[in-house]
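J.: Put chain V on the given structure of chain Z with help from the hints.
There are 2 protein chains.
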Amino acid sequence: MGTGEKRILILGGGFGGVYVARHLEKLLQPNEASLCLVNRENYWVYQPMIPEVISGAIGLTDVVAPIRQLCSRTELVMREVESIDLKRKVVTVSPGFRPRRLELPYDYLVTALGSTTRFSGMPGMLEHAKPFRNLSDAMALRNHVIHVLEEAEVETDPEIRKKLLTFVVAGGGFSGVEAIAELNHFVHQVKRKFIRLRSETIRYMLVHHGDRILPEMTARLGDFSDKLLRRRGVEILLRDELAAATSEKAILRSKLEIPTKTIISTVPSQISPVLQHLDCAYDQGRLLVNGNLELVGYEGEVWALGDCAAIRTKSGHPVPPTAQHAIREAKTVAMNVAARMHGGPGSAFAFEGLGKLASLGHFSAVAEILGIRVSGFPAWCLWRTIYLMKMPTFNRKVRIFLDWTLSVLFPPDLVEVRTSLHNAVHKQHFEAGDVVFYQGDVGDYVYIIEDGECDVLQENDGVQTLLATLKRGDYFGEMAVLSDAGRNATVRARTAMDVLLVAKHDFDLLKTSVPALGEVFWDLAASRAAASVKNSA
Amino acid sequence: MGTGEKRILILGGGFGGVYVARHLEKLLQPNEASLCLVNRENYWVYQPMIPEVISGAIGLTDVVAPIRQLCSRTELVMREVESIDLKRKVVTVSPGFRPRRLELPYDYLVTALGSTTRFSGMPGMLEHAKPFRNLSDAMALRNHVIHVLEEAEVETDPEIRKKLLTFVVAGGGFSGVEAIAELNHFVHQVKRKFIRLRSETIRYMLVHHGDRILPEMTARLGDFSDKLLRRRGVEILLRDELAAATSEKAILRSKLEIPTKTIISTVPSQISPVLQHLDCAYDQGRLLVNGNLELVGYEGEVWALGDCAAIRTKSGHPVPPTAQHAIREAKTVAMNVAARMHGGPGSAFAFEGLGKLASLGHFSAVAEILGIRVSGFPAWCLWRTIYLMKMPTFNRKVRIFLDWTLSVLFPPDLVEVRTSLHNAVHKQHFEAGDVVFYQGDVGDYVYIIEDGECDVLQENDGVQTLLATLKRGDYFGEMAVLSDAGRNATVRARTAMDVLLVAKHDFDLLKTSVPALGEVFWDLAASRAAASVKNSA
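Protein chains in written order, with our numbering: chain Z, 1 to 537; chain V, 1 to 537.
If you're looking for bench data, these hints aren't it; they were derived computationally from the structure.
Careful: at least some of the hints might be erroneous.
Below, a sample of chain Z positions facing chain V; criterion: calculated Cβ distance under 8 Å [to be verified]:
#1 42
#2 97
#3 150
#4 154
#5 159
#6 160
#7 200
#8 441
C-beta: ideal position from N, C-alpha, C; glycine also.
The shape of chain Z in the complex, shown without the other chains (with noise of 0.2 Å):
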């Protein structure tokens, strides 16, 4: 790097982002600046293609590109951004391999960090739904799908095979819908192949809060997707939404209980976690900007775009958060962060739409393209089309044409998913009369409870007894899992209920190891033996 260079870092390797390292790496010399991007992946994903990823109608290589040959002069750290100091212009990366967190300092700096799912302060939700925001939750929910399946066809109890065969969205909007249709265009092509569930009946239910479904579309497209869906066996429940989810059912607004094993949540998004508390202005939540997309405040320092960023349109409204308006966003960052170099003057950010475009699962879509609608097949192809000629940089248009064909050709790619980041001692939340587990079930898990009641009921010759109420702080389940027999005693929760589960495996290592550990819960087991062997007596 030489002296006099500036170094400009780059938050968030989505559209936004990396648009912006393209532009830049166009509009700026090499020895002018080092650029530097930061992202959690190596690679970009093309984000309208992910609902296809449940159905893998697209393959894996055909969503994602890798960030190193978009922008090949860029600098990626694959890294997760863990603070921002606005005023000492650093931003603090997490720890790799080696437990060191990273300090990146910088001169001018592009925050394109995106949104996340806002679960909090809906009971349950953060345990029990599934978010559908990036590649990850995709390839999540596809494994999920395939596994109820999978769980569906072994199991025999009637009410549950209901259960696992219900399928739940909550949110109308483009993702809700998407979601919902590639989830039934996929379950009815495998349901075929399995011996038991090919005369099933399989529930699709898409809740939404609105009077209609897709209200970012005109009320005819709407109600095409409507009927299209319906015909296809999806149940719209409108003007209600998801208050509550336990691991058994999803719970309305409006008090409806819906047994199922997959919630999926489209809705409510926040700005990146790491965004939220920055010294600088925010508006409804997002990062406060000016007409050149300059964070107020920190004017010819700092740029804000995508997601993250409150930014209108030339006619004042709220841009929605598709591509072609990040893409567009990009541009004029990337414009300003070079004049401000070059001492030009700065440019605004005005840009209408094109249009708007949802996929219906294969073969079918609708769109509004500068004022024309479009359904059904004819939609769909122009959707193909869109999407290929949306694909950043020749080589990657054509990538796509011949891994349809040569694919055998091509150098490999250097893309790295990770489908589960999940940690072993997890939370579940149960609502009142909800069962955590049966008399005669396997120990899996070790329960404690950080909030609410529940009852421990014992079953012997057909009688129940009521052995002990347990509160916010007990544990129960640790005596099958200590014993490696199965639960002696049925647990019903009493009130609203959430509980830590510790997984039998790390139990065991746990208990061997910390003495306190296992002795505070030895000492519980035995007195809860003697208890249950006076019941049973």
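T.: Frame of chain Z, contents of chain V only:
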């Protein structure tokens, strides 16, 4: 299921299990028997192509096929086999969403559960060496290699960079050679994309206990492979083997220590743990079968084939663990099961093998087919041709061609790929002198000593003081995790040491909910903080 129907249970969904099911579907009438296959995945893997997954030369959908599609009349149970009761004729499988184990009774049992990598007895291997056996292993390895390259690109310490850029493969047989060849090919191709790595030297090391690699083949082809790999930059260490591993290095029997973050072990193997303690006879750790592949002592009831059975070729040699043998064994087993049901005579397994093939990365291979030796590009073409020929079902053959051409017109695949099933509480192994963490590092884990001792060292103004020596049962690292500050001391292993790690996230959850645990750690942290203050004063 009819009442007179016999229940045939097949365990394992590899070449052996799937081909038995396929043959039985042809040999038996639908009303004669119900077929059921148990496998932990719902897909079958084309095992010989697994090394190519590392480089992504072959798409995932080309290596796997849904079992339901390969044997459409067979019921598939996607669970893990937990125990086999040969006397009661019942197999127990793991619980699914519902915590209940499932018992599957059988009239005829076929076990084809393959083998696993045996890491016991070698310190640190289970924790730090990566197995290379199934699809998940290959995908995890690919992701790990990409991760290591990304970290090396960011890392500034040359020693750590060197460690990140060293890859060690243990075992110079078929799978070790194929693994290092693909790894070399992949890294060589992708390193161009990294600004800093482009000019960096990357070390590939193949450790083999014998005098030459590929002992399965003739000396000439072994030499050819040896030269080709060396020319590509692979260092081959003969007459040596892996003895121990830590997260920072591989330790060979010759005491040579190789600093590395990537150890791949392809040796040795053992049969699946569930088969290890059955009430039957064994031959060198494998199930003892007679010439008709019947389990000795359970003739006419239980058959075993593939890597879990001790099978000999016509000339008396042990059958090698290859697909061609498993396929022939499957045919014999299916015929014998059918003969048993129809009352015909059984047939003995008699097959010598047609040849041997090893892929050496893109466009190169070595082969011995029916006595003819081929190497280089012709062998690679042969390899690809045989691959297509061996693919079961005409449909599948066509699919692979069309996958490469018109993937979009075909129905989606039913493939659930689970890449990581990791537990948050895991183990690490350290050799004497190894540093667990350095003063100033981020506090990411709490450590509990399972075995061994370590020193806690604090540096103040350039003076290093020994604060404490910890032993079995002690914890450390809790202070930085509790206070969210950096490590206030360096911890170094005094002897070889095994530790349990509890991730910060899990520790935080546990300590707030298990008061006993929280108190223990707080007390400890407080007393140590006092000692530390005394030291710095």
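J.: None of the hints should be skipped; say for each whether it holds.
T.: Structure-based check of all given hints:
| no. | hint | in the structure |
| --- | --- | --- |
| 1 | 42 | 6 Å, holds |
| 2 | 97 | 5 Å, holds |
| 3 | 150 | 4 Å, holds |
| 4 | 154 | 6 Å, holds |
| 5 | 159 | 11 Å, violated |
| 6 | 160 | 7 Å, holds |
| 7 | 200 | 15 Å, violated |
| 8 | 441 | 4 Å, holds |
Checked against the numbered hints given earlier, this structure breaks hints 5, 7; the rest are met.
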